[in-house]
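Protein chains: 2
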Amino acid sequence: MAYQGGYGHPGSGYAAPPGAYPPQNVSVPPEVQRWFAMVDRDQSGKINADELKLALVNGKGEHFSDTSCKLMIGMFDKDASGTIDIFEFEKLYTYINQWLAVFKTYDRDGSNYIDENELSQAFTQMGFRFSNEFINFLVKKSDTVSQKQISVDQFIVLCVQIQRFTEAFRMRDTQQNGTITIAFEDFLSVALTCSN
Amino acid sequence: MAYQGGYGHPGSGYAAPPGAYPPQNVSVPPEVQRWFAMVDRDQSGKINADELKLALVNGKGEHFSDTSCKLMIGMFDKDASGTIDIFEFEKLYTYINQWLAVFKTYDRDGSNYIDENELSQAFTQMGFRFSNEFINFLVKKSDTVSQKQISVDQFIVLCVQIQRFTEAFRMRDTQQNGTITIAFEDFLSVALTCSN
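Heads up: the protein sequence lines correspond to chains A and C, in order. Just so you know, we're using the UniProt record's numbering here: the first sequence kicks off at 1 and counts up by one. Just so you know, we're using the UniProt record's numbering here: the second sequence kicks off at 1 and counts up by one.
Among the hints, erroneous ones may be present.
It does not matter which identical chain is meant; a pair holds if it fits inside one copy or across any two.
[As the list claims (entries may be wrong)] Within a straight-line C-alpha distance of at most 25 angstroms, the following computed SDA-like cross-link-like pairs (lysine to any residue) qualify: (1) LYS78 x GLN125; (2) LYS140 x ALA37; (3) LYS141 x ALA37; (4) LYS53 x ASN136; (5) LYS78 x PHE134; (6) LYS140 x SER81; (7) LYS46 x TYR106; (8) LYS91 x SER111; (9) LYS46 x LYS104; (10) LYS140 x PHE76; (11) LYS148 x GLY74; (12) LYS91 x ASN117; (13) LYS78 x GLY59; (14) LYS70 x LYS141; (15) LYS140 x ASP79; (16) LYS78 x GLN147; (17) LYS60 x THR144; (18) LYS78 x GLN149; (19) LYS141 x MET75; (20) LYS148 x THR174; (21) LYS78 x LYS141; (22) LYS140 x GLN121; (23) LYS53 x THR181.
Since the hints were made in silico from the structure, they are not lab data.
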């Protein structure tokens, strides 16, 4: 498969995370502040997975899954409190919007689902270079019923998981050749950290 | 840290999975059959996480967490149906009993909790050789409140996760030296397969 551009660097087969390196200490944009205030129903100044779930609906008006909301909070929940603050929300907001934009590009009929071929194109657009076998594995893993299509929240689950594991991999891929050598305990640490 | 025996081989720092290589096509022992019949409430011939949860109580009479039950079913749920049959249950039963026996050895006061030092001893007994830093990481990951102690179902969650990642690691550790070289896509496959 040819590399087709995006955020990544061609040699390694994985992408730079969109929005991963924002400038520090900038103020939160008004749009994000409004969103945060809407999602933070109990006005605690923090958002948990339940509040996020109430705020997110797919193209059919259904709420996102618990799994996807927990994973999204977990991306930035450094102190394992189950909540994120407005600065962490701003980063999450950027990710979600980018992922939704990619999904919508390929969900042309607005069915809220994309198929295997479209998923492959979506990841390519995000700068990843995955084999057909791996894309097939992702679809089967996500769609345990028909094993043929992926919903928007399943797509986001994949994006969050791949994002987290990619970051962990990249930190160790010092030669940027898409291969790492990793010891058992470090491997376990990465796997366990990114799993929940 | 010195290696103190158990199921593992000393060089690699990780353990052979207890009961991982049972003889094929042997009949299921009557004790396991009785357990299976008790757990399989709807008599479907399959057990799901909810049925397993109803059957498992900790030392305080509380049911195990949803997470731990889903993870246990997921260990053997090869077709991602959310259920396991009696042959898969037999393997799971062996694991659970070994993990519970190890936990009870260190939960001397029957409080249903073990501390960091006891967790270290428990993993050593199971043939693992973990650093103090890694054990500390496991406790903090599991006990997000006080970060000091681990309950029996949190212990089982750790055992399931470590078991699965260890198997994946071992398959790739062809030189059995506790280090693997792994490409990006394979790394993602392992991480995603073992995560849910």
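Going through the numbered hints above, which ones does this structure break? Give me the numbers in ascending order. Numbers 1, 2, 3, 4, 7, 8, 9, 12, 13, 20 and 23, in rising order.
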